[in-house]
Amino acid sequence: MKAPAADQKKLLDLQGADTRIAQLEHSLRTLPQEARLAELQRDSAAARSEFAAVNGELDDAQAEITRVEADIATVAAREKRDHERLQASTSTKDIQGLEHELESLRTRRSHLEDTELEVMERVEEIELRLAAITARRDDIATEERLLAAARDEQRERIGKQLAAARTDRETVAGGIESAELVALYEKQRARYGIGAALLQRGVSLGSNVALTESDLAVIRAAASDDVVLDPDSSCILVRTEESGL
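Per UniProt numbering, the sequence shown starts with residue 1, numbered consecutively.
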């Protein structure tokens with residue numbers, strides 16, 4: 001294939017534009033905030049799960065307090081009733097029976113009150129755990145919000161740079177008269193990852209490999225408008241004063 005040397009040199013600008021676009025696209029795919037946001041989402045899900053479990057403990061403990069308080073109220077009512085019956089009774093047998101039952105009720109109420117105190121202490125401990133989980137969950141939400149805002153800002157900034165780079169690329173491509181040359185460039189870039197590179201002092205910047213003397217001899221013999229390919233990377237080799245030919 002033949003193409004004007006001037007057009008071939010413009011391929012370096014086109015490759016530079018494509019490299020810049022690829023870098024920006026990679027930056028969009030690998031925004032640094034994304035990894036941390038993924039971690040925070042997992043932490044947030046774990047905190048929500050832990051909160052639900054501990055909140056369930058709190059519900060159970062509060063329900064237990066309600067049951068114990070109801071039992072204490074029942075025992076207290078029986079104590080009051082027996083005390084009234086004791087005051088009104090004249091039967092020694094009945095009095096002994098009532099006194100024995102009152103003693104049992106007092107013991108029962110004491111045990112219930114101890115249980116109530118233990119459960120209340122457990123409720124306090126659970127509430128402290130819930131407060132800590134809530135604080136951690138709020139901290140995670142705050143960090144998520146700040147990181148998401150930073151990510152969105154960076155994404156917008158890179159998006160604008162990418163749009164500008166694509167516009168520049170269109171301008172460069174539009175300045176190359178040989179459509180056949182551009183088509184070959186696009187084909188090689190799609191196939192091998194790079195479409196064109198400078199031959200600099202005998203080294204292909206497409207493969208960063210020094211060409212052999214036989215390869216250089218072939219290139220030296222080529223006309224300035226001949227399109228030559230890198231034998232290693234298969235990209236178009238652009239010859240300039242730097243090529244050392």
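It should be emphasised that the hints constitute simulated quantities derived from the structure, not laboratory data.
Since this is a predicted model, take the numbers as computed values, not measurements.
Keep in mind that the hints are not guaranteed to be accurate.
Claimed, not checked - Derived DSBU-like pairs (lysine-lysine); straight-line CA-CA distance at most 35 Å:
no.	residue 1	residue 2
1	K93	K80
2	K187	K2
3	K160	K9
4	K9	K187
5	K160	K187
Results of checking the hints against the structure:
{"no.": "1", "hint": "K93 / K80", "verdict": "holds (19 Å)"}
{"no.": "2", "hint": "K187 / K2", "verdict": "holds (16 Å)"}
{"no.": "3", "hint": "K160 / K9", "verdict": "holds (28 Å)"}
{"no.": "4", "hint": "K9 / K187", "verdict": "holds (18 Å)"}
{"no.": "5", "hint": "K160 / K187", "verdict": "holds (27 Å)"}
The structure fails none of the hints (numbered hints given earlier).
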